[in-house]
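S.K.: So you can see what is in the structure, the chains are spelled out below.
There are 2 protein chains.
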Amino acid sequence: MFKRDPFSETLGLIAGKGEFPIIFAEALFALKQPLIVFGVKGQTDPRVEPFAKETHYMDLGALGHLVDLLKKTKVKKVVLAGGIPKFEIYNPSFQMDETAKGFIHQTRNKGDDHILKALQFFLKVKCGVSIADARVFLKNLLAPKGVMTRRIPTPSEREDLKFGWRIAKGIGKMDIGQTVVVKDGVVLAVEALEGTDAAIRRGGKLSRTGAVIVKVAKPNQDLRFDLPCVGHETLESMKAVGARVIGVETQKTVMLSKDRLIEEADQADMSILGI
Amino acid sequence: MFKRDPFSETLGLIAGKGEFPIIFAEALFALKQPLIVFGVKGQTDPRVEPFAKETHYMDLGALGHLVDLLKKTKVKKVVLAGGIPKFEIYNPSFQMDETAKGFIHQTRNKGDDHILKALQFFLKVKCGVSIADARVFLKNLLAPKGVMTRRIPTPSEREDLKFGWRIAKGIGKMDIGQTVVVKDGVVLAVEALEGTDAAIRRGGKLSRTGAVIVKVAKPNQDLRFDLPCVGHETLESMKAVGARVIGVETQKTVMLSKDRLIEEADQADMSILGI
Numbered sequence: 023m024f025k026r027d028p029f030s031e032t033l034g035l036i037a038g039k040g041e042f043p044i045i046f047a048e049a050l051f052a053l054k055q056p057l058i059v060f061g062v063k064g065q066t067d068p069r070v071e072p073f074a075k076e077t078h079y080m081d082l083g084a085l086g087h088l089v090d091l092l093k094k095t096k097v098k099k100v101v102l103a104g105g106i107p108k109f110e111i112y113n114p115s116f117q118m119d120e121t122a123k124g125f126i127h128q129t130r131n132k133g134d135d136h137i138l139k140a141l142q143f144f145l146k147v148k149c150g151v152s153i154a155d156a157r158v159f160l161k162n163l164l165a166p167k168g169v170m171t172r173r174i175p176t177p178s179e180r181e182d183l184k185f186g187w188r189i190a191k192g193i194g195k196m197d198i199g200q201t202v203v204v205k206d207g208v209v210l211a212v213e214a215l216e217g218t219d220a221a222i223r224r225g226g227k228l229s230r231t232g233a234v235i236v237k238v239a240k241p242n243q244d245l246r247f248d249l250p251c252v253g254h255e256t257l258e259s260m261k262a263v264g265a266r267v268i269g270v271e272t273q274k275t276v277m278l279s280k281d282r283l284i285e286e287a288d289q290a291d292m293s294i295l296g297i
Numbered sequence: 023m024f025k026r027d028p029f030s031e032t033l034g035l036i037a038g039k040g041e042f043p044i045i046f047a048e049a050l051f052a053l054k055q056p057l058i059v060f061g062v063k064g065q066t067d068p069r070v071e072p073f074a075k076e077t078h079y080m081d082l083g084a085l086g087h088l089v090d091l092l093k094k095t096k097v098k099k100v101v102l103a104g105g106i107p108k109f110e111i112y113n114p115s116f117q118m119d120e121t122a123k124g125f126i127h128q129t130r131n132k133g134d135d136h137i138l139k140a141l142q143f144f145l146k147v148k149c150g151v152s153i154a155d156a157r158v159f160l161k162n163l164l165a166p167k168g169v170m171t172r173r174i175p176t177p178s179e180r181e182d183l184k185f186g187w188r189i190a191k192g193i194g195k196m197d198i199g200q201t202v203v204v205k206d207g208v209v210l211a212v213e214a215l216e217g218t219d220a221a222i223r224r225g226g227k228l229s230r231t232g233a234v235i236v237k238v239a240k241p242n243q244d245l246r247f248d249l250p251c252v253g254h255e256t257l258e259s260m261k262a263v264g265a266r267v268i269g270v271e272t273q274k275t276v277m278l279s280k281d282r283l284i285e286e287a288d289q290a291d292m293s294i295l296g297i
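Heads up: the protein sequence lines correspond to chains A and B, in order.
Read in order, the letters of the first sequence are residues 23 to 297 in my numbering.
Read in order, the letters of the second sequence are residues 23 to 297 in my numbering.
If you are wondering where the hints come from, they were derived from the structure by calculation, not from laboratory data.
Hints are not guaranteed to be accurate.
Same chains, same names: a pair is fine if it fits in one copy or spans any two.
With a straight-line cut-off of 30 Å between C-alpha atoms, the simulated DSS-like cross-links for lysine-lysine are [to be verified]:
hint : residue 1 : residue 2
1    : K139      : K161
2    : K240      : K195
3    : K161      : K184
4    : K227      : K63
5    : K96       : K75
6    : K75       : K139
7    : K99       : K191
8    : K63       : K148
9    : K274      : K191
10   : K195      : K274
11   : K96       : K191
12   : K184      : K148
13   : K191      : K93
14   : K261      : K139
15   : K191      : K240
Model the full structure from these sequences, guided by the hints.
M.R.: Right, here's the structure in full:
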């Protein structure tokens with residue numbers, strides 16, 4: 023008997039808001055995993071489409087439509103990625119089909135874990151579909167502990183990595199962002215809504231050279247649906263401002279095209295490390 | 023007998039690093055206070071000069087030179103503004119004149135308050151000069167409590183002011199910066215090294231319109247030498263991105279050309295308030 027390979031059959035991706043569905047789909051595309059995306063109209067970013075075999079969109083309250091689509095496409099396993107605006111769903115004026123109304127009615131406890139469990143049960147019973155944690159499919163792309171590159175950080179860069187880690191966790195706790203740019207114990211830039219690349223470029227420019235980047239998961243980030251991510255664009259932003267060191271959170275950061283990314287860092291004499 | 027008017031005689035400004043000496047000099051210039059600046063070579067920003075009757079520069083370790091300058095210019099009262107890199111002064115390889123060596127030798131306790139007291143005593147004895155708190159000269163320009171403008175913030179803007187206050191104090195505690203830009207409970211931008219105006223423009227652009235700015239003192243900020251400041255440029259940055267509300271910390275924020283600033287805000291239908 024063989025253990026079933028999670029990559030052997032077409033996977034469903036129920037895609038909510040934000041970047042993560044795109045990152046997830048891109049990562050699985052690179053791993054040659056066939057993917058069918060079930061998007062939500064007005065929520066899912068269509069940039070997910072190039073990485074999917076098919077993309078279907080449904081209204082936010084149309085759970086019956088999702089059930090039909092899952093049956094029709096014969097997907098047996100799905101991953102949820104990206105946020106769904108819960109406050110809208112639990113708004114009494116929200117438009118739902120009968121299936122959604124029944125589901126909402128049955129989930130009295132509105133905590134995320136309870137909703138997820140209820141949905142897991144619902145999908146299993148209704149269409150034999152199971153929900154998997156996104157991380158199962160990204161295992162090989164999660165940042166390992168320690169230095170991944172040939173270049174190791176200097177002692178003063180290590181000090182800045184420690185300092186940046188403390189600041190990044192602090193802003194994460196306040197739900198501001200995931201990324202900070204530091205140098206010699208000074209915070210050059212803090213990421214808020216503008217995104218990682220803009221923060222790197224801004225902070226890096228202020229440092230002229232020698233900026234150290236730290237990217238971590240927010241303490242309250244739900245890693246089942248949402249993971250920090252670094253990729254080619256991150257390194258490009260760093261190169262543009264002469265930054266050579268990035269620390270990411272071990273086992274909680276997706277490295278897009280990981281092997282190629284480390285190679286690219288090596289060619290540019292940069293350091294990537296998991297902390 | 024009359025109380026002596028602090029504005030009646032020429033004031034000395036011992037100007038360290040950063041923006042505050044410029045802000046202080048500009049504020050006193052607007053109040054028609056004659057000012058002689060004693061700057062430190064390589065530390066003091068020369069943009070302070072237009073607001074001073076005279077500017078003299080000395081080397082960082084040349085305390086004897088400062089004593090001579092104070093005597094020559096007959097200044098009797100000085101304000102200290104802007105930081106002095108203490109770690110350099112207490113570095114054994116640091117170049118000092120004999121006067122500075124004597125002073126450093128006598129101040130065993132290196133806490134800021136002790137150094138300030140020691141310097142106060144030293145200047146009084148050596149040249150009859152007394153040191154005043156910068157705030158004494160800025161009293162009329164410090165932000166009062168409450169709404170200063172005709173336009174009062176809407177209830178949702180008030181929520182954002184409260185939210186922004188909490189975030190701004192949080193980043194201040196980590197010594198990151200003083201200013202945040204928020205909207206609907208989301209942090210759009212956090213100021214680090216780039217400065218208030220850049221943070222306002224960045225966050226404001228992301229909001230399209232309706233961004234709320236909060237600027238506060240850092241919990242560890244030494245208000246004797248360094249105060250948060252808002253002025254015409256702050257409002258210009260807000261106008262450029264359609265932001266209409268700014269909350270500043272009551273009694274701890276210098277409002278440059280305060281009356282004109284409030285008038286300008288009124289003309290643009292903006293709200294300024296002290297919180």
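S.K.: Determine for every hint whether it applies to the structure shown.
M.R.: Verification of the hints:
Proximity of K139 to K161 under the C-alpha cut-off of 30 Å is restricted to the intra-copy arrangement: shortest distance 23 Å within a copy versus 60 Å between copies. In this homomeric assembly, K240 and K195 come within 30 Å of each other (Cα to Cα) both inside a single copy, at 6 Å, and across copies, at 18 Å. Proximity of K161 to K184 under the C-alpha cut-off of 30 Å is restricted to the intra-copy arrangement: shortest distance 25 Å within a copy versus 41 Å between copies. Proximity of K227 and K63 under a CA criterion of 30 Å is satisfied inter-copy only: 25 Å between copies versus 38 Å inside one chain copy.
Proximity of K96 to K75 under the C-alpha cut-off of 30 Å is restricted to the intra-copy arrangement: shortest distance 13 Å within a copy versus 83 Å between copies. Taking the shortest Cα distances, K75 and K139 sit within 30 Å of each other inside one copy (28 Å), while across copies they are farther apart (73 Å). In this assembly of identical chains, K99 and K191 lie within 30 Å of each other by CA distance neither inside one copy nor across copies; the values are 34 Å within and 45 Å between. Proximity of K63 and K148 under a CA criterion of 30 Å is satisfied intra-copy only: 23 Å inside one chain copy versus 76 Å between copies.
When the C-alpha separation of K274 and K191 is checked against a cutoff of 30 Å, the pair qualifies both within a copy, at 13 Å, and between copies, at 28 Å. When the C-alpha separation of K195 and K274 is checked against a cutoff of 30 Å, the pair qualifies both within a copy, at 16 Å, and between copies, at 27 Å. For the homomeric pair K96 and K191, neither the shortest alpha-carbon distance inside one copy (42 Å) nor that between copies (52 Å) is at most 30 Å. In the homo-oligomer, the alpha carbons of K184 and K148 never lie at most 30 Å apart, since the shortest distance is 49 Å inside one protomer and 45 Å across protomers.
Proximity of K191 and K93 under a CA criterion of 30 Å is satisfied in neither setting, with 42 Å inside one chain copy and 52 Å between copies. Taking the shortest Cα distances, K261 and K139 never come within 30 Å of each other, neither inside one copy (44 Å) nor across copies (48 Å). Taking the shortest Cα distances, K191 and K240 sit within 30 Å of each other both inside one copy (7 Å) and across copies (19 Å).
Taken one by one, the earlier hints fail for this structure at numbers 7, 11, 12, 13, 14, listed in ascending order.
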